[in-house]
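Chains as they are written, first to last, in the working numbering: chain A, 33 to 201; chain B, 87 to 436.
No wet-lab data here; the hints were simulated from the structure.
From a predicted model like this one, the values you see are computed outputs, not experimental measurements.
Any given hint could turn out to be false.
[Said to hold, decoys possible] Calculated lysine to aspartate or glutamate pairs in the EDC-like style (CA-CA distance at most 16 angstroms, straight line):
| # | chain 1 | residue 1 | chain 2 | residue 2 |
| --- | --- | --- | --- | --- |
| 1 | B | K120 | B | D228 |
| 2 | B | K157 | B | D196 |
| 3 | B | K387 | B | E341 |
| 4 | B | K120 | A | E67 |
| 5 | A | K196 | B | E319 |
| 6 | B | K120 | B | D243 |
| 7 | A | K179 | A | E67 |
| 8 | A | K196 | B | E245 |
| 9 | A | K196 | B | E320 |
| 10 | B | K415 | A | E67 |
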Amino acid sequence: MLCERCQERPASVHVTRIINGEKTELYLCQECARELQPQLNFSIPQFLAGLLDYDPELEVKAPPAVERCPECGLTYEQFHETGRLGCPECYHHLAPRLDPLIRRIQGSSQHRGKVPRRAGGNLRLRREIENLRARLQQLVQQEEFEKAAQVRDRIRDLEGRLEKGESSQ
Amino acid sequence: MSLNLERNSKWMEGSGPQADIVISSRIRLARNLKGLPFPNLMNSDQQARVVSQVSRAIQAPMVFQAVGELKLQPLRELAPVERQILVEKHLISPDLAAGGGEKAVVLRDDEAVSIMVNEEDHLRLQCLLPAMMLHEAWRLADAADDALENELDFAFDQERGYLTACPTNVGTGLRASTMLHLPALVLTRQAGPVLSALTKVGVAVRGLYGEGTEAQGNIFQVSNQITLGRSEEEIINNLSAVTVRLADQEREARELLRRQSRWQLEDRVGRAYGVLTNARILSSQEALQLLSDVRLGVEMKIIRGLDQRLLNQLMVRIQPAFLQFSAGKEMTPMERDVHRAAMVRELLAG
Ligand SMILES: [Zn+2]
Ligand SMILES: [Zn+2]
């Protein structure tokens, strides 16, 4: 399952928020959870104080672990035994436990090498940036500045990657 | 069968930069197809599908333009001894040679470009060139990869790069390696400390036939350990720098030997040549050690009139499978040792 905030990294933290007796559940990735942590505790209450009767009861616990790749059926334990993954999709579905391992053996988790032309690396990035710019404008018009700032950061990140990709070609 | 197993591979040519120490340069790219399990989980239908997709891809005009004509050889059509020869020529891994299933090897005529199909990954593209030609091998592999990618849908992820069966290959999927002859570092007992220091700069050291093998004949293979988080160029530059540095250290050790133990050195080289040209029984172990001494003599110009191409050919031809194949029969170990000695005498006599 993907993080509900960034829709990009796999969700590994399950956050239950109870607002006004109503329970909201959020599945977040580590990064987003870390970024939202102060917000969940402080800014959201401030933000919403006037609007909602906020009950800052927060429950953060480990996610229901996705232990089996739905594509090929491989479990993390099987991978652990053989050292071999079952299919390309394993990288997504076993990510919560696999990514730390990759970081440990590779010292990094971000590919900086060649991008296959067929995957349309640059083209896809450009398209994503265009979409985000449109969204940014929309958010600014709606005066949703906090969300807008997130989108702006994401655009900067993508633009950085685009530059790197172009100079390495 | 279209395969000419007895021909010499490009890497055996023995000429090029740093050829006095660096025997060959290899680039390997691990690639997998989208929408299929990795080979260890594939059924034979799926394996056959990969083989046929690769077979079709290598016939594409773009691939031909990039690297020339490639031919696919299904492994199951080869006898065990024939597969073993491909291992001895460094064209396929022992893993691909062993076991059943639908596997194949793709070869260019000069064997500088090869693809293992359904080894640990769907494709393992290799470019193998003589001497210190890592950058040339990378350019060739990169071009072949681009052309193949035009025909095949490779599993790729923006964050993690090329997705591979083992996370130790994820990212670039790139394993660059050089094969070096380091007899003087071994003789002066520097090889151990020098080579173990390499692991600190992200370089792995292995014996002649890859992981877990002994460094027979003072030949070592060095390769990058990390495949993710660095660009291909960075990985190759790093390995090139390490290789050149190792070659320099080996040259220094050779000069030290020349200065301090000239007569012992020349005696050792001369005796090795004497044994190789006169022995009637030679084990492969002994032959490799003697060939290393003779090679040192050639590289240090103590022996003249022998070239490295011949020494590289000998290194491959003395191996058990090659020997039996060229003799056209299976042999007992003693018969092999006798045949080996005769073959070495004949080739060295020119
Ligand atoms: Zn997230
Ligand atoms: Zn899987």
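For this session: Starting from K120 (chain B), check that the Cα of D243 (chain B) is at most 16 angstroms away, please.
Result: Holds. K120 (chain B) to D243 (chain B) sits at ~11 angstroms (cutoff 16 angstroms).
For this session: Starting from K415 (chain B), check that the Cα of E67 (chain A) is at most 16 angstroms away, please.
Result: violated, 70 angstroms
Exercise. Are the Cα atoms of K120 (chain B) and D228 (chain B) separated by 16 angstroms or less?
Worked result: Cα-Cα ~20 angstroms, so violated.
Exercise. Between K196 (chain A) and E245 (chain B), does the CA-CA distance stay at or below 16 angstroms?
Worked result: Holds, because 13 angstroms separates the two Cα atoms, which is no more than 16 angstroms.
Exercise. When you check the alpha-carbon spacing of K157 (chain B) and D196 (chain B), does it fall within 16 angstroms?
Worked result: Holds, at roughly 11 angstroms.
For this session: Mind checking the alpha carbons of K120 (chain B) and E67 (chain A) for me, to see if they're no more than 16 angstroms apart?
Result: Given pair K120 (chain B), E67 (chain A) is violated - Cα atoms ~33 angstroms apart, limit 16 angstroms.
For this session: Starting from K196 (chain A), check that the Cα of E319 (chain B) is at most 16 angstroms away, please.
Result: holds, 13 angstroms
Exercise. Would the pair K196 (chain A) and E320 (chain B) pass a check requiring their Cα atoms to be no farther apart than 16 angstroms?
Worked result: The hint holds at about 14 angstroms.
Exercise. For the pair supplied as a hint, K179 (chain A) and E67 (chain A), is the alpha-carbon distance within the 16 angstroms limit?
Worked result: holds, 13 angstroms
Exercise. Are the Cα positions of K387 (chain B) and E341 (chain B) separated by 16 angstroms at most?
Worked result: holds, 12 angstroms
Violated hints for the displayed structure, listed by number in ascending order: 1, 4, 10.
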